[in-house]
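Each chain, written out:
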Amino acid sequence: MRRSVVSLTIVMVIVAILLGNLYYLQVKQFENYATRSNDNRIRVVPIAPPRGLIYDRNGVLLAENIPNFTLEIVPENTDNLEQLLDDLAELLELTPNDIERFQNQRKQIRRFNPVPLKSQLNEQQVALFSVNQHRFPGASIDASLSRYYPYGAALTHVLGYVARINTRDVERLEEQGIRANYAATRNIGKLGIERYYEDILHGQAGYQEVEVNNRGRVLRTMKVVPPIPGKDLHLNIDINLQLKAKQLLDGRRGSAVVLDPVDSGVLAMVSSPSYDPNLFVNGISSKDYSALLESPHRPLINRATQGVYPPASTIKPQLAVMGLELGLVTPQERIWDPGWFQIPNTERRFRDWKRWGHGWVDVYKAIEQSVDTYYYKLAYEAGINNIHQYMSEFGFGEYSGIDIHEESKANMPSREWKRQRHKEPWWQGDTISVGIGQGYWTSTPLQLTQATNILVNRGKRTQPKLLRAVDDGEHFEKLPPPDQEPIELNNPANWDVALKGMWGVTNKHNGTSWKAFEDTPYVVAGKSGTAQVFSLGEDEEYDADSLDERLRDNAMFVAYAPYDDPKLVTTVVLENAGGGSSNSAPVIRELFDYYFLGEDAGQSAGASEE
Amino acid sequence: MNYKQQQQSLWWRFHIDWPLLLGLLALMGLSLVVLYSASGESMAMVQRQLIRFGVAFFAMLVLAQIPPDVYQRWAPLAYGVGLALLVAVLVMGEVGKGAQRWLNLGFVTFQPSEIMKLAVPLMVARYISAQPLPPRFKYVAIGVIIAMAPALLIAKQPDLGTCLLVACSGIFALFLAGMSWKLVGLAAALVSGFVPILWFFLMRDYQRQRVLTLLNPESDPLGAGYHIIQSKIAIGSGGFGGKGWLHGTQSQLDFLPERHTDFIFAVLAEEFGFIGVAAMFCLYLYVTGRGMFIAAQAQTAFGRLLAGCITLTFFVYVFVNVGMVSGLLPVVGVPLPLISYGGTSIVTLMAGFGILMSVHTHKRLYAQ
Chain X
113 MRRSVVSLTI VMVIVAILLG NLYYLQVKQF ENYATRSNDN RIRVVPIAPP RGLIYDRNGV
173 LLAENIPNFT LEIVPENTDN LEQLLDDLAE LLELTPNDIE RFQNQRKQIR RFNPVPLKSQ
233 LNEQQVALFS VNQHRFPGAS IDASLSRYYP YGAALTHVLG YVARINTRDV ERLEEQGIRA
293 NYAATRNIGK LGIERYYEDI LHGQAGYQEV EVNNRGRVLR TMKVVPPIPG KDLHLNIDIN
353 LQLKAKQLLD GRRGSAVVLD PVDSGVLAMV SSPSYDPNLF VNGISSKDYS ALLESPHRPL
413 INRATQGVYP PASTIKPQLA VMGLELGLVT PQERIWDPGW FQIPNTERRF RDWKRWGHGW
473 VDVYKAIEQS VDTYYYKLAY EAGINNIHQY MSEFGFGEYS GIDIHEESKA NMPSREWKRQ
533 RHKEPWWQGD TISVGIGQGY WTSTPLQLTQ ATNILVNRGK RTQPKLLRAV DDGEHFEKLP
593 PPDQEPIELN NPANWDVALK GMWGVTNKHN GTSWKAFEDT PYVVAGKSGT AQVFSLGEDE
653 EYDADSLDER LRDNAMFVAY APYDDPKLVT TVVLENAGGG SSNSAPVIRE LFDYYFLGED
713 AGQSAGASEE
Chain B
1494 MNYKQQQQSL WWRFHIDWPL LLGLLALMGL SLVVLYSASG ESMAMVQRQL IRFGVAFFAM
1554 LVLAQIPPDV YQRWAPLAYG VGLALLVAVL VMGEVGKGAQ RWLNLGFVTF QPSEIMKLAV
1614 PLMVARYISA QPLPPRFKYV AIGVIIAMAP ALLIAKQPDL GTCLLVACSG IFALFLAGMS
1674 WKLVGLAAAL VSGFVPILWF FLMRDYQRQR VLTLLNPESD PLGAGYHIIQ SKIAIGSGGF
1734 GGKGWLHGTQ SQLDFLPERH TDFIFAVLAE EFGFIGVAAM FCLYLYVTGR GMFIAAQAQT
1794 AFGRLLAGCI TLTFFVYVFV NVGMVSGLLP VVGVPLPLIS YGGTSIVTLM AGFGILMSVH
1854 THKRLYAQ
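Sequences listed follow chains X and B, in order. If you count by this note's numbering, then the first sequence holds residues 113 to 722, one letter each, in order. If you count by this note's numbering, then the second sequence holds residues 1494 to 1861, one letter each, in order.
Keep in mind that the hints were calculated from the coordinates and are not lab data. In this text, a Cβ means the ideal position worked out from N, Cα and C, and glycines have one as well. One thing to keep in mind: the hints can contain errors.
Looking from chain X toward chain B, a few residues come up when the C-beta cut is under 8 Å (computed) [what the hints assert, rightly or not]: (1) Val125; (2) Val127; (3) Leu130; (4) Asn133; (5) Tyr135; (6) Gln138; (7) Val139; (8) Gln141; (9) Phe142; (10) Asn144; (11) Ala146; (12) Arg148; (13) Asn152; (14) Asn216; (15) Gln217; (16) Lys219.
Which stretches of chain B does chain X cover? Using the computed rule of at least three CB atoms under 8 Å from a CB of chain X, they are [said to hold, decoys possible]: (17) 1728-1737; (18) 1759-1771; (19) 1808-1816.
Pulled out of the complex, with its shape left as it was, chain B reads as follows (with noise of 0.2 Å):
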């Protein structure tokens, strides 16, 4: 054994895929940078971001150490407990932000729904890996309603963001299974009829009022329109250079709203510019891409399914938020994956990343 086997079975030997982890640090340390200009210089807000990142990576540790046929075997048990804890939410939840998201369990309070966002991969995985690949109409309807139930149900909460990535992350196993281009085009189809039943059915009105909002913002420039507004203008005024760290006009100066949680894209676009952007996207791309890489490398359909559709879904997360921040998307509370500020998100997405590596480093030797 030479050298750099060794170096690598000892990073095995934990479930460590670095240089999945080294795209991953990277963006933590981008958040703490931004992170301290977007709080106006708060130490203390940089520590307590600090304390989540250390949090997460513990959890990643652990989810990695647990083999993928465990995952396969407990999936519906914690889909069936996600699921009935929605349920509780919305009989007893607390409402907070004209939302009921938290459930108190007199120790802690959390929202059931960040659990959906690993339970559902989980589950449609498992589903329909079970089945002959590529699924048929029914097996894929099956998985539809897997994923779609419980994004309902958050839909209903109302958290129009997380309820997207769920329904997200099962259509992504569907597809990656191979689902016939007819399926997708008649999902997408199913997709735009869902369309008004949501605007009509399940939209609260200052979610409606942010969507119209994105139409014409300028019509309503003190109310809801004013955080678009401000976000484009302090994006647009980072230029390609940028206005200098700690020194973005618009974030110190008290105009960016929420700059330090969803927002923060602004301030990293109005003191680092087009430059930083552009480094941003790059980082994203590489975990991405290397998600995409130990999908392929997967033993298992399983494995792979589940590989693909958490980071699809973390791409999603950065699609959607970059889109509401710079004005292509409406506003819904979606954070920028690892750089905003909080959040049980962090966790949940670092546990995902757990789950990943897990798959990539539990590989059979007789594949050898």
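Only chain X is shown next, with the shape it has when bound in the complex (with noise of 0.2 Å):
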């Protein structure tokens, strides 16, 4: 009880030296601290910096920043805010919606901050502003620079967009210690090149210190640091033929991937369908963006690097150089296909495609005509460790190092993924359909491309990239191909042998593709697939009215053009459209035909097709 009344005066005691504190602050200081109160008016106000430009390699301006103007009203200024809203609606045409959004968004706003009225106002109406400013006190245009891609929905996989920085962004930005540098940034890279370079493009923001009036108004600006702007990209897209594959892929489910074999620079990648990337830049509306999420063709996905599909018979070139290596076969030796394989002591027939065998066999023909048996018994000698150990070195299984992080690693099967995936030890059976790109093993159209380019390359590894070069204004800086460690084959004679056999598949009258590259004044060399159909992606749910179409095969082509001296090494993958041949190589055709032949050439090649 005494203690009670103790602690009750020592909290009274307490309370009078804070107060006497404050009455010290607030009477006998008032003065000072009115002053020093009323002095406090430097602002601090950031300045974002303009975001670094994206050209082709051609010099094409693919992304751009460009004036967007925004009406924008700070209430506190205002005079009669409704009178304003109503002569300003009828000036500039507005709508009962951007009326609401305004009001909305005001309450959302701090007092003394500009909310934004209507965005994206053209010019004519910026003009009409300007000439009756002085009618709306508290009114004033903010000219803020957005991102706009001019060719749309050609590039949205390979540029990518940027939206609104994010609460998950936000976090990063502060793990990474770099939020200040944001303070004035209204959007980051999400996706594709603008993601993954967005260090680099977004640049050093500036700020300015500006003297404000008690009402928050600023009076002037007493000091600016300018912001460093982004540097450019100059990426290895050739856009001419970007546009190209994408005008062959419309209104397809597909894929085009070329390479450049010289360094590796990705000349063109073409994911379809595609959506036009402007609408995430102001924010994409619910509907819009729903319609993209929920589009049986998933638009979203990347199907150059993210699209997961069996190889089917177009590894069948390096399989052969893991079978000459090996010396599981020889260049002279010969088979005999009856139309099956059966490992020995066992029931079941792995068929040929062709139902009655192709006969006496070697490995030259086993590519050109696809010959699945000489493939068959190839993997049943190899084992499945072989196969594993050199298609890795090949690229399958791993991620290509391409500077997007939208990628998938697809499936290198082996002993252990069996073992941890599927709980159950790998069967010779799994081997023999390995043998033929099917199976457990996937990979996607970029990883295709890059296993072919290291066929072409003879061994030489290069990491296919979009960037070839970064620019600041002062230093154009091109950067090297980043090379890995090449494959070295015991006898190099061997790279001949696959590519010989894949000079056959276009040239040879026996070859399966011969038809759709007859004529060419430049020499193609390819290997097709026809891969049994796997959806899209591992947890693909399948629509029961459209089972039908979709389980239809994918025709998968790989070629290279001009065979002696090689300039693009292309895949092309269209979804359920059947055949390899008869599918995706005349795309190739008309694309090669394009780019060697010229625009007119590539017409008239296009009209042969049917």
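Can you join these two chains into the complex? Each is in its own frame, and there are hints to help.
Encoded structure:
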């Protein structure tokens, strides 16, 4: 009881001390602090740096910053807000929607700060407002830069896009300790190149110190530290080739990848269907977004790097290199193909695509005519361990190293993988299907292109890259292609066997795809593939209505040209289109014609496609 | 039974002490008024605060229904669980703003140190009230250990504000139990001995910086001293009568940092002046006084100690917060109780008042 009284007394004493101090601050020192409060008018206002531009390999602008004029109002600085809104609505033909959004935003924005009324004003509206500005105190036009992608859907899966910084971005920026640099930045790279090279593209924020009056209005600028613009990027992309590839894939589900075999630069990378990235820049409507999300054609996925398909027969040249190197086959040796293969002492027959067989087959013919039986036997004799080791060196089951984050490793199966994933041992039968690029083996179109690229370069390996050079206005820094350890063969002549086989595919009259490349003035080599269907992605659900169409084979084709001095290495994958030779090869033919012969020749060749 | 008694019995049936409730509601009302201005007239923030008050009020109501002997029985469990969680948070807690306070339970993240704000007074009060009073040195020493173990764990996170509150709550129970003045003097000496340990081993750089800044805020006007300078200007320029609601230039023009949370007192002082500040202190004194009255009226030693130390801890919030915002104490993260925006602290505080009401309203009939 007594202690309670003592405590309460101590409480009173403390309150007296606190109040005494406050009395000193607020009454005795009032003059002093009032003056300092009035002087307290320097504000630091951050300035967003202009984002770096993106060009293609020939200097064509792919991503630019265009001025975006926004009409803003500081409600506290207006005389009669209702009247002002009415007048502005009349002058600029504002909709009730604009007004409503303004009123909503107003509640979330601090006092004395501008509230946007209408963004993306056209030049006429800007002029109209400027002439009448004196009538509208408190209203002003803010000219900010806004990202624009002139080629729209043609480059979405390459460039990605920028969009509003969200809370997750803020967390990441804070973790990296660069939040302050984004104080005035509205958008951040969300996908593709824009995301991968965000740090290079963004630049360094500047700031200005301004003097404000006691209502928060800016009186004058004291000091300006200008922002440092982000650096410009030059890509390996050839926009003309990209547009051609896009045009050839329009209306289909599939993808095309074109690499430059010299430095593995990505000349074109198309995923179809695509969508307009400009929708995202100023905030996509939820209706548009859910349409993209729910589309059965899945436009948001980058099929070139995330589309996971069995490679089918397209990898037979690489498997041939493996067989030769292991000494399991020789260029001269022939085997008899009755139309099927049987593991010794078992019942099951693995069928060739040609029911009655190919007769006597050597390694060239096995590639030219895509003889399954030859590869069943080869895979059986090599075993999954060898296949896994050799094909991993060709990049299967690994990230290619391309400079976007949207990439799948797909799957190069091994004994360990199956034990972990399926809790089952590896059966011999599993190896047989892997021998023709089916079974557990999956790959992305980019991986297929890179595997062919490595073949064409006789084992020299260079990571495929979109970025060619960085330009900060003073230095144009060309990036060296990132080389990896080459694949060294005991007998380098084995490369020539595989390449000659691919030449036969498109040039010999019994090759599977000679018709698609008939009479080309340049020499093409390639390999077809027809993958038994496997849906896109591992977890895709089948829609009963579209099941039939989706059960059709995927058409794949890899090719390079010219044969002697390769300039292009290409893969085209068309989902559920049927055979690779008859569907994907003509697309590559048109693409090659366009590149090597020019626009007109490309079109005349296109006419003969049907 | 006359009308007045009947009315009183209705409050008692729900175990609510209405004079205390009145004081708490007044503080909450003040919070909403100041918050509306401090948040830049954000109705959304006011609504969120209102929801938090609702939750806190509910917690108070529930805890008031539980009789004190239940608290007495379960105190060790609450204390044990709280201690375990504190260890867990050090081992696997989430780091935010350079400190490790949050425990993620999958469905909810929370600060286990909040539990300790109630568990420590419960445990110390239970332990000491079971001994002959006034306690002998040995029991006081054990009581100190009970309070300091969690306080040290919290300091390690590091959360100096909460550490201080938890340690205080334990010490208050011992003081109220009547520990000898000699021991009080000894404790004071120990605390001063603890200061160097705190400085060299437990505090992090940013905390040391805050203390140094307090001694000379003008030395670093753009860095750590900025908070204190700006909040002193806000308070001082408020003058005797204040600049008027929504018209504090310091707060409205973004010069005042964290103005809706820890520094909300500066907004109040700027806009309502010394008069407003004095009125606020009257409210806090009223609540503190009522709390001490409840403590004095308690039937058992446990109830008396518990009620007393919850009340005094509440006042420590006020003292530390106002002290730091007006530049008398270093900046440690202690909110202005029931007025600052947000946080679990509002719920913990109201839960404490629920326990206070429970002590006051569950009286055995034979006593009357």
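Against the structure, the hints come out as follows:
1. Val125: Interface hint status for valine 125 of chain X: violated (11 Å vs cutoff 8 Å).
2. Val127: 6 Å, holds
3. Leu130: Since chain B brings a Cβ to about 5 Å from leucine 130 of chain X, closer than 8 Å, the hint holds.
4. Asn133: Status holds, d = 6 Å.
5. Tyr135: 6 Å, holds
6. Gln138: The hint holds - glutamine 138 of chain X has a Cβ within 8 Å of chain B, the shortest such distance being about 4 Å.
7. Val139: 6 Å, holds
8. Gln141: 5 Å, holds
9. Phe142: 5 Å, holds
10. Asn144: 7 Å, holds
11. Ala146: 5 Å, holds
12. Arg148: OK, holds: arginine 148 of chain X within 8 Å of chain B, min 5 Å.
13. Asn152: With a minimum Cβ separation of about 6 Å from chain B (threshold 8 Å), the hint on asparagine 152 of chain X holds.
14. Asn216: 11 Å, violated
15. Gln217: Interface hint status for glutamine 217 of chain X: violated (12 Å vs cutoff 8 Å).
16. Lys219: 6 Å, holds
17. 1728-1737: holds (count 6)
18. 1759-1771: holds (count 5)
19. 1808-1816: holds (count 4)
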